[in-house]
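Novice: Please build the complete structure, drawing on both the sequences and the hints.
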Amino acid sequence: MDEILKILQDNALESRETIARLLDLPAAEVNRRIADYEQRGVIRGYQAILNEDKLETDKVTAVIEVKVTPQREGGFDTIADRISRFPEVRSAYLMSATYDLLLFVEGRTLREVAGFVSERLAPLEGVLSTSTHFMLKTYKRFGVLMREKSSDERLTITP
Amino acid sequence: MNGSPSLHNRLNLAVRDIPRSGIRDFFDIVTTMKDVISLGIGEPDFDTPWHVRESTVFALERGATHYTSNLGYLELRCALAGYVEKVFGGVYDPESQILVTVGVSEALDLALRALLNPGDEVLYHEPCYVSYRATILFSHGIPVAVETRPENGFRLTRAMLEAKVSPRTKVLMLNFPNNPTGAVMSRADLEDIAAFAQKHDLIVITDEIYGELTYDAPHRSIVSLAGLRERTIFLHGFSKAWAMTGFRLGYACGPSELIEAMMKIHQYTMLCASSLGQKAAIEALARPATDIGEMVAEYRRRRNFIAGALDDIGIECHRPLGAFYAFPSIARFGLPAKDFALKLLHEERVAVVPGTAFGACGEGFVRCAYATSLDNIKEAMARLKRFVGKL
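Residue numbers (the working numbering), protein chains in the order written: chain A, 1 to 159; chain B, 160 to 550.
In short, the hints are calculated from the structure, not lab data.
Every clue listed holds true.
Below 30 Å or equal to it, Euclidean Cα-Cα: the simulated DSSO-like pairs (lysine-lysine) are:
1. A:K6 with B:K245
2. B:K193 with A:K149
3. B:K502 with B:K544
4. A:K137 with A:K59
5. B:K537 with A:K149
Only a predicted model underlies this, so the values are computations on that prediction, with no experimental measurement involved.
Specialist: Pasting the structure below:
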């Protein structure tokens with residue numbers, strides 16, 4: 001993977017100038033490559049990683065395992081696309097083994113998520129069954145530990 | 160016994176006459192200050208890989224809390240033999256040619272004590288790690304420093320060595336990639352040094368603790384050269400590449416006769432390296448490429464950044480090719496290195512280590528470690544720029 005992407009994945013706010021310096025590249029080359037990634041959809045967007053447990057907002061996240069019937073034309077993609085378009089669905093993956101799709105669904109209340117599952121998701125043609133798990137606490141997201149602020153235990157000067 | 164003056168006179172002369180490390184004095188000043196950004200830390204800012212820490216906890220639970228073989232767990236020595244052959248090109252018998260030690264520092268001490276008689280001379284290159292000169296003196300050897308210079312990338316040349324060798328020279332010490340300069344040696348450089356060692360029949364002690372940390376070309380070890388392994392003690396450990404400084408785990412590889420002699424001192428003084436440290440090392444060797452690869456990539460990016468930033472500020476710096484240190488020249492500012500470092504510390508709260516801590520020829524230089532976060536490096540460079548603008 002291009003190191004530019006690695007740097008942006010760790011910190012999307014890193015300036016183009018710094019990235020150029022870190023990689024010993026001309027700034028114009030860094031700009032060109034990032035523009036190319038954005039244009040080709042390799043970079044789909046930039047987001048902040050929030051520790052939602054620290055926010056006072058009411059939010060419920062459910063992880064839903066879904067069994068579906070693949071369609072003759074389009075396989076899993078047609079039904080997966082249809083499900084992914086609901087704004088309540090924050091992430092959706094095709095999985096191996098005992099179920100087919102794994103969804104991360106957000107709502108303001110448990111009732112709202114339950115309503116989404118029973119009224120929107122489960123009745124969809126091609127959805128065979130759902131199994132809903134509610135998330136209780138976040139320990140790590142996108143490679144970032146949520147509970148621990150790392151501290152530098154090192155002495156200030158060492159040989 | 161009445162008071163310290165008479166006690167002072169009772170000290171061993173070698174110990175009495177050696178000053179404390181210059182780094183120590185500087186450390187005492189820095190610790191009294193707040194909000195200091197330190198480029199003075201000679202150890203990785205990464206955490207020890209979690210699988211290593213986790214398996215150390217498991218080893219503790221399982222009760223790996225006893226003495227080990229003096230040489231170290233055989234399982235560890237076997238893993239080390241495989242690693243050293245693959246990465247450094249040296250072939251060693253785990254039964255008799257590898258000794259696990261309390262850091263490379265102990266291994267170096269053992270090697271010198273096993274080899275030196277009073278009056279034997281040891282060639283080593285400066286600027287160098289703070290303990291080399293002292294360790295030679297503690298072993299009753301005579302340290303003979305060879306000065307390396309930025310003009311040739313702080314590399315060691317045969318001509319420099321030929322100028323200092325004598326009939327009493329017994330040992331040649333090498334440390335590449337180098338702390339504090341970041342210098343590395345090419346294969347051709349090493350071949351010259353190897354020919355020199357053979358011509359003068361010297362024992363070579365090579366401290367390659369930074370061996371994994373090179374940024375523009377793979378590291379070459381002198382033990383990979385034909386005929387050198389028979390006269391070389393190879394030193395390495397887990398502190399730098401695996402960020403395991405506090406585990407204190409190093410090792411020496413060499414001809415059986417030398418390892419046996421070192422083992423005798425180790426046996427009577429240290430007995431064995433920490434059992435838990437050794438268990439951690441076994442786990443560390445399970446997947447070195449994954450652990451080390453990303454750290455090296457990150458150090459390389461920071462190296463590029465700090466070299467570019469120093470250049471922008473107008474501070475001359477030979478390009479560091481290994482380890483995690485930049486060693487810029489501050490001579491043009493007209494201050495001795497120690498004064499420069501103190502002034503920088505007091506005025507801008509940035510800690511760098513005066514080059515003189517690494518030998519007299521480090522005058523005119525400071526060591527900036529880039530084993531710290533990019534944010535810290537950015538801020539330190541901004542402060543340094545402001546500082547030199549006022550000089």
